[in-house]
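There are 2 protein chains.
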Amino acid sequence: MMEPKKRILILGGGFAGVDCTKKLEKYFQNRDEIEITLVSDDNFLLFTPMLPQVASGIITPRHIVVPLRTLCKKSRIYESVIRDIDPVNKHVTLEGTPEKRGVRIHYDYLVIALGSETNFFGLQNVEKYSFTMKTLADALSLRNRLIDMLEQAENETREELKRRLLTFVIVGGGFAGVETAGEINDFLYDALNYYHNIKREDINVIIIEALSSILPGFNKKLVEFAHSKLEKNGIKILLDTIVSDFDGKNVIVKKSAKSTSTIKSKTIIPSYTLLWAAGVTPVEIIKKSVFKTMKGQVIVNEFLEIPNFLGVFAIGDCSRFDESINKSYPPTAQLAE
Amino acid sequence: MMEPKKRILILGGGFAGVDCTKKLEKYFQNRDEIEITLVSDDNFLLFTPMLPQVASGIITPRHIVVPLRTLCKKSRIYESVIRDIDPVNKHVTLEGTPEKRGVRIHYDYLVIALGSETNFFGLQNVEKYSFTMKTLADALSLRNRLIDMLEQAENETREELKRRLLTFVIVGGGFAGVETAGEINDFLYDALNYYHNIKREDINVIIIEALSSILPGFNKKLVEFAHSKLEKNGIKILLDTIVSDFDGKNVIVKKSAKSTSTIKSKTIIPSYTLLWAAGVTPVEIIKKSVFKTMKGQVIVNEFLEIPNFLGVFAIGDCSRFDESINKSYPPTAQLAE
Chain A
2 MMEPKKRILI
12 LGGGFAGVDC
22 TKKLEKYFQN
32 RDEIEITLVS
42 DDNFLLFTPM
52 LPQVASGIIT
62 PRHIVVPLRT
72 LCKKSRIYES
82 VIRDIDPVNK
92 HVTLEGTPEK
102 RGVRIHYDYL
112 VIALGSETNF
122 FGLQNVEKYS
132 FTMKTLADAL
142 SLRNRLIDML
152 EQAENETREE
162 LKRRLLTFVI
172 VGGGFAGVET
182 AGEINDFLYD
192 ALNYYHNIKR
202 EDINVIIIEA
212 LSSILPGFNK
222 KLVEFAHSKL
232 EKNGIKILLD
242 TIVSDFDGKN
252 VIVKKSAKST
262 STIKSKTIIP
272 SYTLLWAAGV
282 TPVEIIKKSV
292 FKTMKGQVIV
302 NEFLEIPNFL
312 GVFAIGDCSR
322 FDESINKSYP
332 PTAQLAE
Chain B
2 MMEPKKRILI
12 LGGGFAGVDC
22 TKKLEKYFQN
32 RDEIEITLVS
42 DDNFLLFTPM
52 LPQVASGIIT
62 PRHIVVPLRT
72 LCKKSRIYES
82 VIRDIDPVNK
92 HVTLEGTPEK
102 RGVRIHYDYL
112 VIALGSETNF
122 FGLQNVEKYS
132 FTMKTLADAL
142 SLRNRLIDML
152 EQAENETREE
162 LKRRLLTFVI
172 VGGGFAGVET
182 AGEINDFLYD
192 ALNYYHNIKR
202 EDINVIIIEA
212 LSSILPGFNK
222 KLVEFAHSKL
232 EKNGIKILLD
242 TIVSDFDGKN
252 VIVKKSAKST
262 STIKSKTIIP
272 SYTLLWAAGV
282 TPVEIIKKSV
292 FKTMKGQVIV
302 NEFLEIPNFL
312 GVFAIGDCSR
322 FDESINKSYP
332 PTAQLAE
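One line per chain: the protein sequences are A and B, in this order.
Take the first sequence: its letters are residues 2 to 338, numbered as in the numbering used here.
Take the second sequence: its letters are residues 2 to 338, numbered as in the numbering used here.
The hints are simulated quantities; they were obtained by calculation from the structure and are not laboratory data.
Do not rely on the hints blindly, as some may be mistaken.
Treat identical chains as interchangeable: a pair holds within one or across any two.
[What the hints assert, rightly or not] Taking lysine-lysine pairs in the DSS-like style, the calculated list, with each CA pair at most 27 angstroms apart, reads: (1) Lys163 <-> Lys75; (2) Lys200 <-> Lys129; (3) Lys296 <-> Lys250; (4) Lys200 <-> Lys23; (5) Lys74 <-> Lys200; (6) Lys74 <-> Lys221.
With the rest of the complex left out, here is chain A:
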């Protein structure tokens, strides 16, 4: 008698989901009774830590994407958005098209690796006008914006307007923010060879961080080195500072509540370009799921399994250890393993 097939379903085509799929493919490579399926909203894995280099044009988009079908050769792959996770009936429904109802995939084991999305902390204007750094399109938009600002500034005769065009504000002093600030700064300085009316001192790249140091969670020595290196390259760093509004022309900042400074008054930084790299929040599908969450992340036990839903696992940015054994880690992909 043939054993019934065991169906493993992985949701999410980021580092966590793809790495998990590859490991399962290898582990079960000679076991025909195991069926592995991967669902991702893109058909490629994006190497997100190098997005800032795409924005600065050092590397080209195709160098940081790998087709899922070349990475996960033995799995069935669906390029689709997930509409619903039903852990009681053990199936996941994918978004349909006007022509077609959504596909329903039944599983025996489920791995949720849906990552996170940008958290604007309720600042609607900021969300509307700012750039982010999560997708390839984001990186290319930012790159186009930098060039556009240089082009406009080159023929701009009014000093005030020129300064606003050439001021670039990065919110968030984590890995993404610091890396992006550095890349933007280098790109702009290199570009000056072609813009004869723009001088080095006309350019302002500013990092704004709510905490009292950049790169929280990283080694203290590294933080100090990075901080002084950035400043040496002309980047301004404002610590204990938060952004409260941005209308596309002016960035409103104030000292954070935790700051020891007694001055809490608002300051205005005139700038057309604000990059938001300040925080992440889980995706909608997890927020509305039946799973127990903390700060929006699915709570898992030491086996990364979701309590009360045996056979359902959550990994990567979207999961969080049970508080009793939880420690603090920087939110990077190395830890997703």
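Given chain A's structure and the hints, the job is docking chain B onto it.
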């Protein structure tokens, strides 16, 4: 006494405009009394004949763009859209921004090199749903569409829908159409390595040409060679055929009036993807200008000068010799010189 400066203004950053600017820079390199200004709506020259290769992913976008500022080092460059050409008062006005009124540039000599845009011959549905191949964004959209269709077809169980997903119609058998069809075809065949449920015979690439041969204006032997090569590679070629409608799902075609065939009835080709490479028309700014045009192109004399407007020249796709000395040439950049 110093001579007054002579101001030369070139409109258009395509092959014609950039080549003209470079030649003028070289010709007048030691003449400080000559001022050259180039206006382009992009800050790069796009090598349009290689857009199909970008669509197929053989080359990456940055390989077919060259920054104008590296090509034309001595000219003043404006990245802007032209709002108005006034050959009576000898000035050109550029589009402003909400912050700023449009710049006005005065000239002594004007060179118009504004190229052409896609002509849909009044077919509004076709314009709405079809892809074109004029800009980098066009090429990338088409590439994404090809991948998207493969992804959907891979997991599609209904044969009819699968065939529609995998049918790609290219309208226009000129250089752009033929090149694009070949690239699309190669790309799809190569991609099959990763899509195990799609077979070679599931894929349909079709060229539709209104005339009785592809590549009009080119050498007859080349045309025959190209025709049989395309068919050998699995591409279907429908001659004497025109597209009359496309709703995003079905392409309506009929035999052209010139066709010797007595059958004029409509045929439906089920396809989600139609690329329109069938014709060009001059840009809006020329259509509404005071210059005398024929089929929308500015009429010039043997010096490429516009009669009645001494010192104003038109070159490239947007110009046409006076009928009395006009001959037929294929509309390619080599001839723009």
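Going down the list of hints, with the structure as the test:
1. Lys163 <-> Lys75: between (55 angstroms within a copy, 22 angstroms between copies)
2. Lys200 <-> Lys129: Classified as neither: same-chain Cα gap 31 angstroms, cross-chain 45 angstroms, threshold 27 angstroms.
3. Lys296 <-> Lys250: Close neither inside one copy (32 angstroms) nor across copies (44 angstroms); limit 27 angstroms.
4. Lys200 <-> Lys23: between (50 angstroms within a copy, 26 angstroms between copies)
5. Lys74 <-> Lys200: between (52 angstroms within a copy, 17 angstroms between copies)
6. Lys74 <-> Lys221: Close neither inside one copy (42 angstroms) nor across copies (46 angstroms); limit 27 angstroms.
Against the hints set out earlier in the document, violations occur for numbers 2, 3, 6.
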